[in-house]
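Place chain B on chain A using the hints.
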Amino acid sequence: MTQSNRSNAQYLNQLVLQIAQHDERAYLDLFESCASRLKAYAIKCGSNPSDAEDLLQECMLTVWNKAPQFNPKAASAMTWMYTIIRNRRIDLLRKEKPHLIQSFDLWPDGEVEQTHSDQFASSQLDDDVESDLNANLVRILIESLPEEQRQIVYKVYFEGKSHSEIALDLGIPLGTIKSRLRLAMKKLDNLAKEQMTWLIIILLTNF
Amino acid sequence: MANYHPADELLMQFAAGQLTNALGIQTACHLESCKPCQHKARLYEQLGGDLIDISTPVEVDANAKSRLLDNLHRQLKPGTKVDDGSDEVASLYREQLANANQRLPKPLQRFVPDYYDNLPWAGFSKSIQSYDLPFSDDRYTARFYKIAAGKELPQHTHKGNEFTLVLSGSFSDLSGDYHPGDFVLANTSTHHQPKAHNKEDCICFAVTDAPLKMTGFFGRMLNPFLK
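For the protein sequence lines, the chains are A and B, in the order given. In short: position in the first sequence from 1, add 1135, done, that's our numbering. In short: position in the second sequence from 1, add 12, done, that's our numbering.
It is worth saying that the hints were derived from the structure and are not from the lab. Yeah, the Cβ is synthetic: ideal placement off N, Cα and C, and Gly gets one too. Hints may be right or wrong, so weigh each one.
Only pairs whose alpha carbons sit at most 27 angstroms apart, straight line, appear in this in silico BS3-like list of lysine-lysine [claimed, not checked]: (1) A:K1313 <-> B:K171; (2) B:K163 <-> B:K207; (3) B:K47 <-> A:K1322; (4) A:K1230 <-> A:K1296; (5) B:K138 <-> A:K1208; (6) A:K1296 <-> B:K163; (7) A:K1230 <-> B:K171.
If you anchor each label on the Cβ, the simulated ranges turn out as follows [what the hints assert, rightly or not]: (8) B:D189 <-> A:N1325: 29 to 39 angstroms; (9) B:S45 <-> A:K1321: 24 to 34 angstroms; (10) B:H85 <-> A:K1321: 45 to 55 angstroms; (11) B:D73 <-> A:Q1286: 25 to 35 angstroms.
Next comes chain A alone, as it looks inside the complex:
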């Protein structure tokens, strides 16, 4: 399972790198691999099916435009596409409402790849930590979270619910929501630290 996830992540990275070279074949392959899950994201966030299709189209066109800036050391292709569809969703929601902030207000340097090259370039270690080494680990973690914690994480990401709204939804006290979320995040944080350790071990044994 882990092995296949990793190679799938590498496959997606490779496709985006080829798209950067204007490879339409790779573009279609990426569409085949990801479109149905990108659409699933839009639907979970509350889009109707037709808006979800529009969001998917805009997201894929942005992928074409931004592929030359994709840096697999900064983030896996899936994380990179996540930042793209997240931002396009924000902008679509606000299209008719100029008083609302746009994604570029929140991420003025562009999505993850830009942030990385500008601000993290000095730290080679960071480069490697963020590669798809840990894409698997985060996934394993989500899958291993107890259902009650996972449910809350989903509501934050997809429904944009505040903690008190989640508490109302689930009929659970606010304090419980907060402590469950904190537990989930603590696990994530520990995981990030573990990966750092593993990475150092890998680097030491390789060189």
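Same frame as chain A, now just chain B:
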């Protein structure tokens, strides 16, 4: 380097793209200068990618792929970008940024016409003045506060949450000293009396979901004048 940071919950909501205007911009301003929080936000973006990865696929329209290719081919000319719908806003943004004051945090540049010294500060007292930011939303109010050097605010508590990001200068209260980049949350249980340090005015970016409630005698007298 900041010593006080947004809670992980907030960073997660930010990475999820789910914060409303005021809190979103404020968090973005903190992130601009805080590497540890940038790292965390990145981890939460990764989590977002993984959530997509493990989603149950939803069937895509039969013509989605040909629609995409049509779009691509119609617009594909050497050296030009494909219009993905983002260009219009992006060019507006660039225009606004070109005229902006570069000393402000980047996420604020488009919204604030000048550097702190030259803003039209408003307020009944020289010790504390405010400047309303144009991106308050239906839940949160966003404004700058300027506490004059060496001045102390009346003791107060909060009806709701108040998120404060120090932009320039520094202040302290019973719980600590706050410097540029520090992100502090005050709520109903916080009784505090912030005091700006002597050297210079302290400029804060405050996001509140309820007005301040003055608790001391002078505070209660002042309260009706505060927004």
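These are the hints, each one checked on the structure:
1. A:K1313 <-> B:K171: holds (20 angstroms)
2. B:K163 <-> B:K207: Holds, at roughly 6 angstroms.
3. B:K47 <-> A:K1322: The given pair, whose Cα atoms are some 20 angstroms apart, holds under the 27 angstroms limit.
4. A:K1230 <-> A:K1296: This hinted pair holds, its Cα atoms lying about 21 angstroms apart.
5. B:K138 <-> A:K1208: Not satisfied, since the Cα-Cα distance of roughly 51 angstroms exceeds 27 angstroms.
6. A:K1296 <-> B:K163: violated (39 angstroms)
7. A:K1230 <-> B:K171: violated (33 angstroms)
8. B:D189 <-> A:N1325: 29 to 39 angstroms: holds (30 angstroms)
9. B:S45 <-> A:K1321: 24 to 34 angstroms: Since B:S45 and A:K1321 have Cβ atoms about 25 angstroms apart, the given range 24 to 34 angstroms holds.
10. B:H85 <-> A:K1321: 45 to 55 angstroms: Given a distance of about 49 angstroms, which is inside 45 to 55 angstroms, the answer is holds.
11. B:D73 <-> A:Q1286: 25 to 35 angstroms: holds (30 angstroms)
Going through the hint list in order, the structure does not satisfy hints 5, 6 and 7.
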